[in-house]
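Participant: Next come the chains, spelled out residue by residue.
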Amino acid sequence: GENVEQHPSTLSVQEGDSAVIKCTYSDSASNYFPWYKQELGKRPQLIIDIRSNVGEKKDQRIAVTLNKTAKHFSLHITETQPEDSAVYFCAAIPAGGTSYGKLTFGQGTILTVHP
Amino acid sequence: GAGVSQSPRYKVAKRGQDVALRCDPISGHVSLFWYQQALGQGPEFLTYFQNEAQLDKSGLPSDRFFAERPEGSVSTLKIQRTQQEDSAVYLCASSGYRGNTDTQYFGPGTRLTVL
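In the order they appear, the protein sequences are chains Z and E. Numbering-wise (my numbering), the first sequence opens with residue 1 and increments by one. Numbering-wise (my numbering), the second sequence opens with residue 1 and increments by one.
Next up, chain Z with everything else stripped away, as it sits in the complex (with noise of 0.2 Å):
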């Protein structure tokens, strides 16, 4: 089955700064990455996501890239605020008919942005 592994566990970045975080997927595919934000004792909230057949995407201070033949996407925030902070998560959708869209998540990335 699909595998993602997420890093870096936790970032600590300065009010403005560009935070990045990094995914890496086992099932060539894979077909739909989204990006999913958790605040303490809240429920994921998806932020982005990005299909196979796109390379980049972006929503104001987010952006997301994709590169198939590696197998990796990352999640780039720009001029952060400390309302960014929350813990990030990355999943992924195999394609094929059984998968059915259940997402396999990465381990999460805890950002903290200091003010």
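Calculated directly from the structure, the hints in this document are not laboratory data. We put the CB at the ideal spot given by N, CA and C, even for glycine. Check each hint, because a few of them may be wrong.
[Said to hold, decoys possible] Between beta-carbon pairs, the in silico distance windows are:
1. E:G96 - Z:N53: 13 to 23 Å
2. E:E85 - Z:G41: 20 to 30 Å
3. Z:G41 - E:Q17: 19 to 29 Å
4. E:S7 - Z:K71: 31 to 41 Å
Given the structure of chain Z, go ahead and fit chain E onto it with the hints provided.
Facilitator: Just chain E now, with coordinates in the frame of chain Z:
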């Protein structure tokens, strides 16, 4: 409209007790997923429903875990004879279509503590 809701939000059980966790998906959503999130980890897939049919239960850790969605809307995850290793947050997610790359919307989770 309303998002995914789960109840109870917190559950404390003595070892050996049975528990039932409820998920109310977004109205009209076809797909429903259950995930288990251990402390400091990413969610892990448990089971998947498409309407009332349970199409994948490969992630259920033992035969003490049972899930149902009899009318294709509300779902219940039941754990019999709870053990300490069952302590985790149980997340429910729903998505609108059968496609495997559709956005999954998560509920707030039920935090289960087994004493």
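Participant: Mind checking the hinted window 13 to 23 Å against the Cβ distance between G96 of chain E and N53 of chain Z?
Facilitator: Roughly 21 Å apart at Cβ, these two residues keep to the hinted range, so it holds.
Participant: For the pair G41 of chain Z and Q17 of chain E, does the Cβ-Cβ distance stay inside 19 to 29 Å?
Facilitator: 24 Å, holds
Participant: Falls inside 20 to 30 Å, the C-beta gap from E85 of chain E to G41 of chain Z?
Facilitator: Holds, since E85 of chain E and G41 of chain Z (Cβ atoms, about 22 Å apart) stay within the stated range.
Participant: For the hint 31 to 41 Å, verify it against the beta carbon of S7 of chain E and that of K71 of chain Z.
Facilitator: 39 Å, holds
In terms of the numbered hints stated before, the structure departs from none.
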